[in-house]
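Undergrad: Chain B: place on chain A using the hints.
Chain order of the listed sequences is A and B. Per my numbering, the first sequence runs over residues 1 to 390. Per my numbering, the second sequence runs over residues 1001 to 1410.
A portion of the hints provided could be inaccurate.
[Said to hold, decoys possible] Now the in silico label distances, taken between C-beta atoms and shown as ranges: (1) N1059(B) x F245(A): 56 to 62 angstroms; (2) G231(A) x S1263(B): 55 to 61 angstroms; (3) Y1358(B) x Y44(A): 33 to 39 angstroms; (4) G1071(B) x G231(A): 40 to 46 angstroms; (5) G231(A) x R1250(B): 22 to 28 angstroms; (6) P48(A) x S1188(B): 49 to 55 angstroms.
Just so you know, these hints were derived from the structure itself, not from any lab. Note that beta-carbon positions come from the ideal geometry of N, C-alpha and C, so glycine has one too.
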Amino acid sequence: MGRLFAIEIIYRGIFQKLLAGRISRAIVLAAHQEDKPGISFGRYGDSPERNGIPAKNFAIVGTDEETLQQGMAKYEPQEVDITICVDDTLCKGVESWAWYGLQPVNKLLKPNGTLIVTSPQSPDTLIGMAHRKDHPYKLAIVKGTPSFSGLWVFKDDHTDVRILGAIAKLLPELFSLESVQKVILKEWKDQVKAESAARSYERVMTTTVQPNQGNPETPYKFTLPKWHEMGEGIAIPSIPAGHGFEDPSTHASGGFRPERNPTFKKFTTRTMRPVVNFDTCIKCTLCWLHCPDSCFDVTPDSLYDANMQACCGCGVCEAVCPVKECVVMVNETEFTDNSSQWESWKKDKEAYKVWLQDKIKGHGERSHGFRYRGQYEEQVPEMLQIAREG
Amino acid sequence: MAPVATAVEEQRKTEETALITGSEAIAVACKLADVDVITAYPIRPYDTVMQYVSKLVANGELDCEYIVAEGEHSQFEIVKHASAAGARVFCGSSGVGWMYAMEALTVTPALRIPMVAMVGNRALDDPGAFGVEHNDALTVRDLGWQLVWVDTAQEALDTALIAYRVAEDRRVFLPCAISCDGAFLTHSQALVKIPTQEKVNEFLPRYNRGDLLLHPDNPITVAPQGNEDWVMEIRRQNYAAMERASDVLREAYADFERIFGRSYGNPFFEEYETADADVVLMGMGTLSTPVKVAIRKMRKEGKKVGFVRMRWFRPFAAQALAKSLGRFEAIGVVDRDYSFGSPYMSGVLTNEVRSALYSAPGPKPPVVGFIAGLGGREVTVPDVERITEGVYKAAEGKPQPLTQWIGLRE
Chain A
1 MGRLFAIEII
11 YRGIFQKLLA
21 GRISRAIVLA
31 AHQEDKPGIS
41 FGRYGDSPER
51 NGIPAKNFAI
61 VGTDEETLQQ
71 GMAKYEPQEV
81 DITICVDDTL
91 CKGVESWAWY
101 GLQPVNKLLK
111 PNGTLIVTSP
121 QSPDTLIGMA
131 HRKDHPYKLA
141 IVKGTPSFSG
151 LWVFKDDHTD
161 VRILGAIAKL
171 LPELFSLESV
181 QKVILKEWKD
191 QVKAESAARS
201 YERVMTTTVQ
211 PNQGNPETPY
221 KFTLPKWHEM
231 GEGIAIPSIP
241 AGHGFEDPST
251 HASGGFRPER
261 NPTFKKFTTR
271 TMRPVVNFDT
281 CIKCTLCWLH
291 CPDSCFDVTP
301 DSLYDANMQA
311 CCGCGVCEAV
321 CPVKECVVMV
331 NETEFTDNSS
341 QWESWKKDKE
351 AYKVWLQDKI
361 KGHGERSHGF
371 RYRGQYEEQV
381 PEMLQIAREG
Chain B
1001 MAPVATAVEE
1011 QRKTEETALI
1021 TGSEAIAVAC
1031 KLADVDVITA
1041 YPIRPYDTVM
1051 QYVSKLVANG
1061 ELDCEYIVAE
1071 GEHSQFEIVK
1081 HASAAGARVF
1091 CGSSGVGWMY
1101 AMEALTVTPA
1111 LRIPMVAMVG
1121 NRALDDPGAF
1131 GVEHNDALTV
1141 RDLGWQLVWV
1151 DTAQEALDTA
1161 LIAYRVAEDR
1171 RVFLPCAISC
1181 DGAFLTHSQA
1191 LVKIPTQEKV
1201 NEFLPRYNRG
1211 DLLLHPDNPI
1221 TVAPQGNEDW
1231 VMEIRRQNYA
1241 AMERASDVLR
1251 EAYADFERIF
1261 GRSYGNPFFE
1271 EYETADADVV
1281 LMGMGTLSTP
1291 VKVAIRKMRK
1301 EGKKVGFVRM
1311 RWFRPFAAQA
1321 LAKSLGRFEA
1331 IGVVDRDYSF
1341 GSPYMSGVLT
1351 NEVRSALYSA
1361 PGPKPPVVGF
1371 IAGLGGREVT
1381 VPDVERITEG
1391 VYKAAEGKPQ
1401 PLTQWIGLRE
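Looking at chain A on its own, in the form it has when it is part of the complex (with noise of 0.2 angstroms):
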């Protein structure tokens, strides 16, 4: 038997999958180069893919046929020598259409395996939105802003070159940098491509990340159930309507919380997130109507909290509110837990206050691929420094 190499690319569907599919083929394709055979594919219980919803490539690579095989008997790897992430905020986990519960994003990490991840952030905010394992890996970053676009259109700012690159470094036996230009020569005509690969590779630093880092907490999973414990007639209850909850500071009773899906709780979808200012709210309601996910709940006071268990950052509500800055998108990168902003509003309004000027302060605009046209064009310039810089 010889060498199997195992590599996962985890991205956000629709935004992000034709970048993930270009990775994982090139992955393939430079590791041919050097006569190693390989399967490149999307985890197909991931499709229909949902705008933001975390999904999956994988690129299997054995030294030989039969090594490949033996990779190919499992699906989905049970372990992999690389993961690649390419958008931070997935650092916070990982719920697909796939499975059920929360997947840490290094879940599949063998000891001393690499977390590739783009991002403009330091790695110890990285380290710290990952959950813990129980043995050492490497993080990566390729720094940049995680490259988003849509199911027809392709963001081409190499962040699929610079991970190649960096690929080629941490992974030499593997292939080599001159595979990967070859194959990107041969796949996208484009020298400006083959440079960028080199840079990447001679800048990529690792970072190792100890049993005693990161997230504590352990993820959610569900036990699912016999057949004879199972409903017939594929049937299943519905999700209950929801009721009225205690304000903590009056004690006062109201509102409306709707009941949640306790076993898809969507929120790792999320890229942004809403910050509300609870003092600037007309309550006009819009948020609440807009909202696709019916994440807002209703306080006792009328006003209205965008949940984070159920929210997933798709900005209608910043969108259709008619207050300056009173619904705020921020990246998600900012926060660590999904606790209530109205009851820390509640408990000290000064306190949140100073809370939120300073997550909504320089947020920049930040959105899922292209908004409007010509935005490609005005985001060259940033795109352009970081990587200067990274």
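TA: Just chain B, lined up with the frame of chain A:
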């Protein structure tokens, strides 16, 4: 309305004999079962049922929602949903109409909908023939539909009542299709005993959807998307339901005999002149008439021939059938269907019989397959005699083609 009401009242008390077609017999069963929702879309020969049902509704004898859909797909979808909401339902079709409903037909057993449907067996297009062929109903044989073939109008009526009883049993909750051979059964009038309403009420409890009832007071989601984490468990549940259906069927036939005083013997297959038979013929539906006549003729000539008419095709009583068939020297199975490219190019029933025998502990007599009567062509007494000759040759150990076409111009 008074005279009608009186007629209905009268019929509640006394068992009458009526001269009706097989289709009409099914319509009468719908009335006796007090079906709530019936959908229809015309296609021959099934459409005779819709005519009789609409007449019953117009005469005030049957109170139900009677909906003529814009096609068979909607026709079956409407009753599927009505059944989920707790209504006793009936519908049916024929030939390519049944095929057009196929998507609805696949989801009906998966959702455990106890729909009762009548298939007026008709050749699939092309060519657009009206006559009987069993391939239409057989297309759902793997999906969780209970399938039964009847051979008289009386049996059609009785079986429809039994079908409701079994399909709507909480242990089963699977749909049931009653196959009636086009023309020979659907369009021939025969004398049929109509059971009294009181006896039917005693035999057939109300449909109770229970925990699966789609109703605002029982909020459930039916048919959500499910990935591979769920599909095997769901299929296994249907496997268990079909497994239980056999016992529920036996119970229903026993109760039928107790309440109506008429017996069908073994519910799954009928045996005719098999006690001392050397060889037997097998088949489904109205084929029984020429076969029984031919057997009587051949028996006068000293040939000990019997007949096994498969009534229930799903569930298939493999063990009991294999045990019975093991007594004979050879078996000739007459298929009014085809399965091109199947093992030995035989028809569907032939291969099911071979499969039942293969894993049975007892003797395994040779099974010769015959394809006959396609597209409504008559199977004649001389045809049956020719078939029997072939079966005798197989019994004598003479090599026989495993599939033979009978009644073909050649």
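Undergrad: Check the structure against each numbered hint from earlier and tell me which ones fail, lowest number first.
TA: Those not satisfied are hints 2 and 4.
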